[in-house]
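For the record, in the sequence shown the residue sitting at position 281 is 288 according to my numbering, with numbers rising by one throughout.
Check the hints yourself; a few may be wrong.
[What the hints assert, rightly or not] Capping the alpha-carbon separation at 20 Å, the derived lysine-lysine pairs in PhoX-like fashion look like this:
(1) Lys34 <-> Lys229
(2) Lys200 <-> Lys136
(3) Lys208 <-> Lys166
(4) Lys186 <-> Lys200
(5) Lys136 <-> Lys166
(6) Lys136 <-> Lys238
(7) Lys238 <-> Lys263
(8) Lys166 <-> Lys229
Since the hints were made in silico from the structure, they are not lab data. Note that the coordinates shown come from a computational prediction; the quantities given were computed from them, not determined experimentally.
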Amino acid sequence: MNFIAIDFETANEKRDSACSIGLTVVKNNQIIEQKYYLIKPNELRFAPINISIHGIRASDVKNAKTFDQLWPELLPYFTNNIIMAHNAAFDLSVLRHTLDAYHIPYPNCRYGCTMILSRNFFPHLENAKLNTVNHHLGLEFNHHHASADAHACANIVLKMQEELQCADLEELCQMAGLKLGTLHDAGYIPAKKLKKTVTSKRNFTPSPLPFISSKSDVFKHKTVVFTGTLKSMSRLSAIQLISQLGGTVGSSVTRKTDFLIVSHPAVYELQPHEMSTKLKKAIELIYKGQAIQILNESEFLEQLTK
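Turn these sequences into a full structure, and let the hints guide you.
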């Protein structure tokens, strides 16, 4: 089985703002190569929400190649290969919009989506997010680093192959309910879900909520707000934890907020333009005398064990 798994990270909400790409090359069911590149976007505007996800800032890419400069090195990986991505609709959209921005023709390749495969093959999971699926498969990784995410995407396919023992990737996708999409110089045909699919025989055990102390009352009768994507658990699990500890979760920062949990590890290193709206509001209220505690994810997890 041969394919190349990819993952893009973007600087802001625009699909042509690629700021990094990771590639994992699989040949004969073995990972033989991994590549990672920082990319200097045309517009050096990094949105706070994007920074909170991947940690890349404008200063990190100021000396990196632009996409058109990097493309000659990337093109051989895409040409006449099958490209896999987790949420391929996003990654292939980033690729197409970025190529369009530089008036570069599309490569000829087929592509598939491991998110669609995961929804079909592991229907009992809480969701088909990359970290959820990899946790179910017993794999851990540094989520939202393009290289690690590409590797994690490749591992999903390889774990499915271990169970299904297909002759090739086309057969695996067909069995697991996915029709490969196509990218070519005249346009593209999206990958899509098929009606018929097989499901995994792997035993499913619901993931336990993170270790918490039954004596912990830090969040009891407190209002907690989250901003950004947590690495350790889903937002739903976090809400369940706060509820279990006697607290409530708010959707926005107000004067009633007691805690703001921020996914970015270095909260106080963020510049104002890098902050989410919730973080800006919390800081504004703190300056006005409101007693709001701002915790990063590690500090939040520490509080759960007290």
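Verification of the supplied hints:
1. Lys34 <-> Lys229: Given pair Lys34, Lys229 is violated - Cα atoms ~52 Å apart, limit 20 Å.
2. Lys200 <-> Lys136: 17 Å, holds
3. Lys208 <-> Lys166: 12 Å, holds
4. Lys186 <-> Lys200: OK: Lys186 and Lys200 at ~6 Å, within 20 Å.
5. Lys136 <-> Lys166: Holds, at roughly 16 Å.
6. Lys136 <-> Lys238: 11 Å, holds
7. Lys238 <-> Lys263: 26 Å, violated
8. Lys166 <-> Lys229: 42 Å, violated
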